[in-house]
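Asks: What follows is the residue order along each chain.
Protein chains: 2
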Amino acid sequence: MEIAALAGGVGASKLLLGLCRVMDPRELTVIVNTGDDVVLHGLSISPDLDIVTYTLAGLVNPETGWGFGDETFRALEQLAVYRGPQWFHLGDRDLATHIHRTSLLRGGARLSEVASSIREALGVQAQILPMSDDPVPTMLETSEGRLHFQEYLVQRRAEPIVRAISFDGIERAHPARGVLEALQRAYSVVICPSNPLISIGPILAVPGVRKALQERRMHVVAVCPIVGGKSLKGPSDRMLGQLGYEVSALGVARMYRDICGTILIDPVDSAQRQAIEALGVNLVIHPTVMRNVEDKEQLARRILQLTANQSAGASA
Amino acid sequence: MEIAALAGGVGASKLLLGLCRVMDPRELTVIVNTGDDVVLHGLSISPDLDIVTYTLAGLVNPETGWGFGDETFRALEQLAVYRGPQWFHLGDRDLATHIHRTSLLRGGARLSEVASSIREALGVQAQILPMSDDPVPTMLETSEGRLHFQEYLVQRRAEPIVRAISFDGIERAHPARGVLEALQRAYSVVICPSNPLISIGPILAVPGVRKALQERRMHVVAVCPIVGGKSLKGPSDRMLGQLGYEVSALGVARMYRDICGTILIDPVDSAQRQAIEALGVNLVIHPTVMRNVEDKEQLARRILQLTANQSAGASA
Chain A
1 MEIAALAGGV GASKLLLGLC RVMDPRELTV IVNTGDDVVL HGLSISPDLD
51 IVTYTLAGLV NPETGWGFGD ETFRALEQLA VYRGPQWFHL GDRDLATHIH
101 RTSLLRGGAR LSEVASSIRE ALGVQAQILP MSDDPVPTML ETSEGRLHFQ
151 EYLVQRRAEP IVRAISFDGI ERAHPARGVL EALQRAYSVV ICPSNPLISI
201 GPILAVPGVR KALQERRMHV VAVCPIVGGK SLKGPSDRML GQLGYEVSAL
251 GVARMYRDIC GTILIDPVDS AQRQAIEALG VNLVIHPTVM RNVEDKEQLA
301 RRILQLTANQ SAGASA
Chain B
317 MEIAALAGGV GASKLLLGLC RVMDPRELTV IVNTGDDVVL HGLSISPDLD
367 IVTYTLAGLV NPETGWGFGD ETFRALEQLA VYRGPQWFHL GDRDLATHIH
417 RTSLLRGGAR LSEVASSIRE ALGVQAQILP MSDDPVPTML ETSEGRLHFQ
467 EYLVQRRAEP IVRAISFDGI ERAHPARGVL EALQRAYSVV ICPSNPLISI
517 GPILAVPGVR KALQERRMHV VAVCPIVGGK SLKGPSDRML GQLGYEVSAL
567 GVARMYRDIC GTILIDPVDS AQRQAIEALG VNLVIHPTVM RNVEDKEQLA
617 RRILQLTANQ SAGASA
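So the protein sequences, as listed, match chains A and B.
The first sequence runs 1 to 316 under our numbering.
The second sequence runs 317 to 632 under our numbering.
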């Protein structure tokens with residue numbers, strides 16, 4: 001039973017790891033945000049692709065959720081001697097990924113081919129696709145001017161006030177080969193608990209993706225990334241508030257209502273049941289805070305259960 | 317009293333270190349072979365420039381004579397996972413140099429600007445210039461086909477028989493800014509004890525360089541890299557023999573006779589005095605095997621002494 005998932009980085013990877021442990025990972029296709037991609041030191045860096053890949057390979061740093069677990073920073077220390085930018089933490093093993101990717105891209109490979117090469121080399125069985133092979137950098141208009149998302153998040157620690165978000169070149173971007181096919185083919189599409197604005201938002205903005213989801217709406221399940229009015233991970237809550245969205249499960253349900261038939265929210269947000277159901281979105285209540293592998297597996301099992309029901313319902 | 321030096325890698329660096337210790341290094345301009353330069357993993361690597369720079373910075377690996385002394389190889393191990401080429405040993409700190417260089421070159425900088433940036437960052441006071449800002453890869457016709465010099469030396473451990481040497485694009489190459497000026501301005505030009513064919517040869521082949529040396533011939537001192545019929549370092553002896561040159565101090569003197577007024581040879585080769593002097597080349601006998609810092613300083617002092625004599629002679 002094939003599953004497709006839309007994913008950002010750390011938050012999504014927890015659920016994806018759970019899914020890979022309770023289903024045949026070869027039946028999972030992960031479509032990953034690349035709006036965060038950045039070129040630093042001349043190297044093409046794809047943070048979310050790497051977080052997902054390293055996590056599913058069992059190699060991610062368990063303390064940070066990104067980068068390799070067993071890592072050193074010798075090259076970065078030397079780059080500091082050459083006065084290179086230091087704000088993006090690049091480990092020595094991680095650098096190999098970026099060197100490999102940059103070399104393949106300069107040789108004419110597509111980002112999706114590079115992503116396959118990396119996940120195969122690291123032994124990941126799930127398909128991992130970038131949302132697009134075209135660069136679509138997420139740019140933020142902020143109280144400190146126009147910033148690349150990584151500058152905002154890592155260099156400026158998400159402190160500036162965000163006034164607008166854009167994905168540069170999105171109108172000319174194409175979904176990577178396999179993205180639309182996976183969305184059309186999957187029994188169920190899972191929207192992982194990632195930032196709706198800058199992790200899931202860029203994927204939905206790739207021409208054709210939102211429409212493909214609208215057509216599969218009753219097979220789309222979103223896991224709400226806002227619990228008790230706060231984001232599970234990262235600055236989602238702050239950004240949502242600054243841009244005028246309601247920072248709640250209901251606010252997320254409103255953003256996804258046209259593409260998602262079911263939303264899974266945490267028990268702490270049960271009081272929002274009626275308001276969410278009034279939007280025409282089915283509600284499932286299940287703990288969404290994943291502290292350990294058991295939490296991840298249980299959430300993944302609950303999603304597969306919904307999928308099986310949908311499947312049964314569809315065939316009924 | 318300004319000195320210019322033509323240099324390859326490890327052998328040259330020993331003498332250059334000696335020179336920097338017995339003269340004001342700010343008066344030394346080193347013109348370095350770039351025929352060995354290679355692009356690997358998409359990174360621009362300049363082995364001889366780095367060997368010279370790391371050595372003069374006091375950072376070179378004392379056991380190998382190349383690379384940083386305090387080094388790890390984590391990125392290279394990870395690149396192996398991605399099935400990248402493994403034959404060229406790239407340390408993590410060393411990678412930072414190549415990443416920095418590649419990034420600057422792709423941004424439009426000249427190789428000579430990059431070389432300055434690196435040697436300044438590492439605190440080297442001597443000027444270090446690439447022979448040319450244009451890529452001029454040394455290609456060898458061998459018993460195993462056409463090979464880049466690094467493939468021959470590192471990947472094939474100098475085992476194939478060399479039939480011909482060429483420097484691709486040399487006829488269109490220009491000396492880097494400052495090269496000809498340094499050769500014209502220096503009181504003395506030192507040809508370091510490097511491979512005459514593939515370390516000094518490429519420098520001499522850059523249009524204008526050989527002529528500049530011919531015009532300064534009486535101010536040019538070569539340190540013979542062949543001692544007792546063997547090369548001090550690397551495969552020079554084998555290559556010279558395979559290409560029909562006499563593998564001896566006399567053979568080297570014949571190769572340099574048009575550009576070099578004085579050759580410095582080791583005492584073990586004293587028997588070749590008459591034959592060398594018969595070429596019209598002045599002979600100085602001094603130990604050329606540099607085993608420690610004292611050897612390097614003594615050889616450097618002997619060269620400066622010759623320079624002072626030349627200078628006195630010129631002004632007399």
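Any given hint might turn out to be false.
To be verified - Over 12 Å on every C-beta distance to chain B, these chain A residues come out as not near it, computed from the model:
(1) Gly91
(2) Ser143
(3) Met218
(4) Ser231
(5) Val289
Stated by the list, open to error - Some chain A residues judged to face chain B by a derived CB distance under 10 Å, without partners named:
(6) Thr97
(7) Arg106
(8) Gly107
(9) Ile161
As the list claims (entries may be wrong) - These stretches of chain B come out as covered by chain A in the derived footprint (C-beta under 8 Å, 3 or more residues):
(10) 344-353
(11) 427-439
(12) 522-531
Since the hints were made in silico from the structure, they are not lab data.
This one's a predicted model, so the numbers in the text were calculated from it and none came from an experiment.
Using N, Cα and C, we set each Cβ at its ideal position, and we do this for glycine too.
Asks: Next, verify each hint and record whether it holds.
Replies: Taking the hints in turn, this is what the structure says about them:
At roughly 8 Å, the least C-beta separation between Gly91/A and chain B is not larger than 12 Å, which violates its mark as non-interface. Every CB of chain B is more than 12 Å from the CB of Ser143/A (nearest about 30 Å), matching its label as outside the interface. Every C-beta of chain B lies more than 12 Å from that of Met218/A, the closest at about 41 Å, which supports listing it as non-interface. The claim that Ser231/A is not at the interface with chain B holds, since no C-beta of that chain comes within 12 Å of its own (minimum 32 Å).
Residue-level check passed: Val289/A sits 33 Å from the nearest beta carbon of chain B, beyond 12 Å. For the restraint placing Thr97/A at the interface with chain B, the shortest Cβ-Cβ distance is roughly 7 Å, inside the 10 Å limit, so the hint holds. Because the beta carbon of Arg106/A sits about 5 Å from the nearest beta carbon in chain B, less than 10 Å, this interface hint is met. For Gly107/A, the shortest C-beta to C-beta distance to chain B is roughly 8 Å, which falls under 10 Å, so the interface hint holds.
Given the 10 Å rule on beta carbons, the hint for Ile161/A is violated: about 32 Å separates it from the nearest Cβ of chain B. Coverage of the stretch 344-353 of chain B by chain A is violated [criterion: at least 3 residues with CB-CB distance below 8 Å; count 0]. Coverage of the stretch 427-439 of chain B by chain A holds in this model, with 4 residues showing a Cβ closer than 8 Å to a Cβ of that chain against a need of three. Counting residues of the stretch 522-531 of chain B whose beta carbon lies closer than 8 Å to any beta carbon of chain A gives 0, which falls below the threshold of three, so the coverage claim is violated.
Of the numbered hints listed earlier, those contradicted by the structure are 1, 9, 10, 12.
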